[in-house]
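Chains R and V are the protein sequences, given in the same order. Heads up: the first sequence begins at 1004 in my numbering, then just goes up one per residue. Heads up: the second sequence begins at 12 in my numbering, then just goes up one per residue.
Because the hints were derived from the structure by calculation, they are not lab data. As the structure is a prediction and not an experimental result, all values here were calculated from the model. Positions of the beta carbon are idealized from the N, C-alpha and C atoms, including for glycine. Misleading hints may appear alongside valid ones.
One side only, chain V facing chain R, incomplete, derived with CB under 10 Å [to be verified]: (1) V406; (2) G409; (3) K424.
Below 20 Å or equal to it, Euclidean Cα-Cα: the simulated EDC-like pairs (lysine to aspartate or glutamate) are [what the hints assert, rightly or not]: (4) V:K424 x R:E1031; (5) R:K1199 x V:D294; (6) V:K424 x R:E1041; (7) V:K417 x R:D1125; (8) V:K434 x R:E1031; (9) R:K1056 x V:E408; (10) V:K499 x V:E442; (11) R:K1199 x V:E289; (12) V:K424 x R:E1069; (13) V:K434 x R:D1033; (14) V:K435 x R:D1033; (15) R:K1199 x V:E442; (16) V:K431 x R:E1041; (17) V:K499 x R:D1033; (18) V:K284 x V:E519; (19) V:K434 x R:E1020.
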Amino acid sequence: MEILVCVKRVPDASENEIEVNSKGTDIERDDLVYSVNEWDNYAVEEAIQIRDKVGGTVTVITVGDEEAEEVLRREMAMGADKGILISDEAFEGADGRGIAAILKAEIEKGNYDLILTGAQADDGAGQVGGMLAAMLDVPYASLVNFLEIIDDKKIKAGREIAGGNQEMNEIELPCVLSIQTGINEPRYVGIRGIRKVASLDIPVRTAGDLGLEASAVAPKVNRVDYFVPEPGEGAEMLEGSTEEIIEKLVEILKAKGGIK
Amino acid sequence: METALISPANATVFGIPTVIFSVLIPVVGVALFTYIVAQRSAPLVLANPDYRFDRVPQRLWAVLKLWLGQLKQPRYRVGGVLHIMLFAGFLILSIRSLSLVFLGVAEDFVVPGFGGGFGRFYNVIKDYAVTIVFVAALIAAVRRGFFKPDRYKVPPQYGKDHTPEAIFILGMICALLITESMYEASAMSANQQLGLHAELIAPLSLAWFFKIILADVSIETLQGIHLAAYYLHDIIFFSFLCILPLGKHFHVITSLFNVYFLKLNKGSVKPVKWGVPEEKLLDLDSFGSKNFEDFTWKHILDFYSCADCGRCSDQCPATAVGRPLSPRFISIKARDYCFDKYPLRGGFKKGEPLIGSIYSEDEIWSCTTCGACEEECPLMIEYIDKMVDLRRGMVDEGNVPQSVQKPLQALEKRGNPYGKMEKKRADWTKEKEFKAECPVKVLEKGGTADTLYFVDSVTSYDDNIQKLGRAAARVLTAAGVEFGILGKGEKDSGHEVRRFGEEMLFQELRDHNTEMIAESGVKKIVTADPHAYNAFKKDYNGLPPVEHISQLIAQALDTGKIRLKSIENTDAVYTYHDPCYLGRHNGLYDIPRDVLDQIPGIKRVEMDKCRDRSFCCGGGGLYLFYEPIEDKRMGQLRVQMANEAGANIIVTACPFCMVNIEDAIKTSGLEGQMTVVDLVELVDQHLIAA
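Here chain R stands alone, though its shape is the one from the complex (with noise of 0.2 Å):
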């Protein structure tokens, strides 16, 4: 089975106190550590998965600059077969479905029967998946938290719903699914293994080479502002000791029906 699993590099949230810049165009980015979006790992590790079990290769992708080749190498440590950077300043500021057309323009020169993204990025909007497929044209699920292969031709895909009830699909390939965080455990990427794939060769696609115009991607949403917003009315400090703090917030949530 030929999958591809479109990543992302995206600031590391969890591990970043995030402040937005003078300006409110984007977020102070001069001490940030970059990593591979949470949810791309998990699309990577079940495309292993379902590698080593059914046979084929994993292709990961990203869209970025040139310090995205990081993310791909990573992933390759990981255990995916192959890298494409497609990296531009054509594209430098395109929106969600910009992304998704450049993606587009590689994927079909490949012949892939899965492809596989996060449900969302860190940074991002939650599109490029369900964009990606319809522009395809082939079939799409989110959230995907149970991936089953019944044949070359069909796969199962399982996605939590309201609460916490699972449904179940199946689906025709080729198809786009968006995967969600907890359908399996990421394997640790060690510096060994990242050393070990550190001069495999990792091709770089231009505009030119897709046969892109800046203008097909140009972002038909623009970006106005960044801001913390201010805090609200309705929040109330609780003061003391412990015991009293205790106390008034029993007497709060009793008050409010919150406990009986």
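Given the coordinates of chain R, work out where chain V should sit on it, guided by the hints.
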């Protein structure tokens, strides 16, 4: 010399000269034994290399102390004394057993040097040795069969009870002693009846009793007993020899070698593969112990040598809190696996990966590397290096608990497990009051100092532990030490990174710190973190001399550079908790206690488990993130021990002990009754201003 009975060398039974058996039994026995030992050697040959051929004098000294001297045995009084009796008896009787074999061929055989007066002396000693071993074996059998000490129990998940095997072997030993004594007593009784010369039999020895019993038995019967006893002894002796390598009694043979090849660098971790330099590590196909043959030959010898005494697991904090780990069964399971895979008959079987077959992931991650098991083992069996090698194998396969993956990645990117920014590493020095009173020099900014205070991650970033850093800085200042810190140039020492099996990440951290320390130009390093201390001493190379802060405080007290005022709270009873990496791994037991005792008016008690039997608090570094399967926390047990000792203040000398014990006091509901304080904090609180 004329004797009443015909010796086995000259006797005939049904017309067959018995000397045939005297030759046949030893020849078959020795041949079989040689074959078995050769088969058992195969895994050692196929195993990974291990360098244990250096430092001969130290190794001989260890053999003298630990093997011949049985130094560790009395740590468990009853079992230990019984073992010493058996061991000493065996040593003495080995000569007798050897001479008996030859006596079956030549009746006048004398072991060279054992003739005359010395021979008679030896015979008396030997008679008592037989008796002592006999009594010890009986007591041991009763102990195992009826009293059943807890540490011999086999929990259901580890298979069947081992008592039958133990009793069987003890029975064999008794049978050997009885037949030897019968052989002797029958001859002497016959000689006495015929008025011939009868050798003195040591009074009250087993043979002496038998001689009394046989006093009125006819010469004919005595002749029968004499020959039967001899050949029974011969058969049992060689059977015993061949049974030894089949189970836990292999240690009778391997212990001498296992002790000689012991690990001499306590607290260190073995290289990934002996003989492969670091720059070649990337070329290795695989890391760590994934399959049985990935263990080193010494590790396999360890498995062969385990006597199943259960002392390791009795001391293991992981076992005590119900984690799925029992060091004893790390050895036993590996030995069973090895004996099954390398059978005595038929070809070697194909093996399967260790994790998932005999070991589970959680089992291997459960170890805090505290070293209690290794400290206790009378045979010097190692566990920490095996754990690290098994983890290296798991890390290589990407098999790392989810709870530790984030901290490891943060260590890779930020040099600390919390993922905090490098530039905030010195923030603990910036607290307003502290900054005014005790400014701390950061060496990266062109500052110079004699001494580097290596803070490490937990003290740099943990809100509750930063106060230890400030206390350390105040104490160093008071002691007149001209010191600085590396600030954002410092990264985690990597001590736990290495022990979690992420060798390459450890090497990156080590290389970074080594470079920064060299650039800083300091002549000395001091740290308040025993884990960093151990890393610098055992895992790093080419650093300036390293001290733990307790050593520096002790010197400052000695030279009068600092002085301490009296304890104010007269109800306070202190107890000192030995951090594993200060005590067991580095032998610093007395210095911290001496420092404590120099605080005037201090009341200090010892916990039952102290010094080299200290009980791990739960582990440092990455262990703070690992979520083990357990019934309760190690820290909770430790707090309970302190409480039972009558203490209300636990003093430790390690930031991780502080974190774990502080937590444990809260989760045990002892807040307000018990507190924990670091040695440095305590000294800081009692400084007399100069």
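Results of checking the hints against the structure:
1. V406: holds (5 Å)
2. G409: holds (3 Å)
3. K424: holds (4 Å)
4. V:K424 x R:E1031: Holds - the C-alpha atoms of E1031 (chain R) and K424 (chain V) are around 18 Å apart, at most 20 Å.
5. R:K1199 x V:D294: OK: K1199 (chain R) and D294 (chain V) at ~9 Å, within 20 Å.
6. V:K424 x R:E1041: holds (16 Å)
7. V:K417 x R:D1125: Holds, because 16 Å separates the two Cα atoms, which is no more than 20 Å.
8. V:K434 x R:E1031: With a Cα-Cα distance of about 15 Å, the restraint between K434 (chain V) and E1031 (chain R) holds, given a limit of 20 Å.
9. R:K1056 x V:E408: holds (17 Å)
10. V:K499 x V:E442: Distance ~17 Å between K499 (chain V) and E442 (chain V) Cα, so the pair holds.
11. R:K1199 x V:E289: Cα-Cα ~15 Å, so holds.
12. V:K424 x R:E1069: holds (19 Å)
13. V:K434 x R:D1033: holds (12 Å)
14. V:K435 x R:D1033: Cα-Cα ~14 Å, so holds.
15. R:K1199 x V:E442: Given pair K1199 (chain R), E442 (chain V) is violated - Cα atoms ~44 Å apart, limit 20 Å.
16. V:K431 x R:E1041: holds (18 Å)
17. V:K499 x R:D1033: Distance ~15 Å between K499 (chain V) and D1033 (chain R) Cα, so the pair holds.
18. V:K284 x V:E519: Holds: K284 (chain V) and E519 (chain V) sit about 18 Å apart, inside 20 Å.
19. V:K434 x R:E1020: Cα-Cα ~12 Å, so holds.
Hint compliance for this structure: hint 15 alone is broken.
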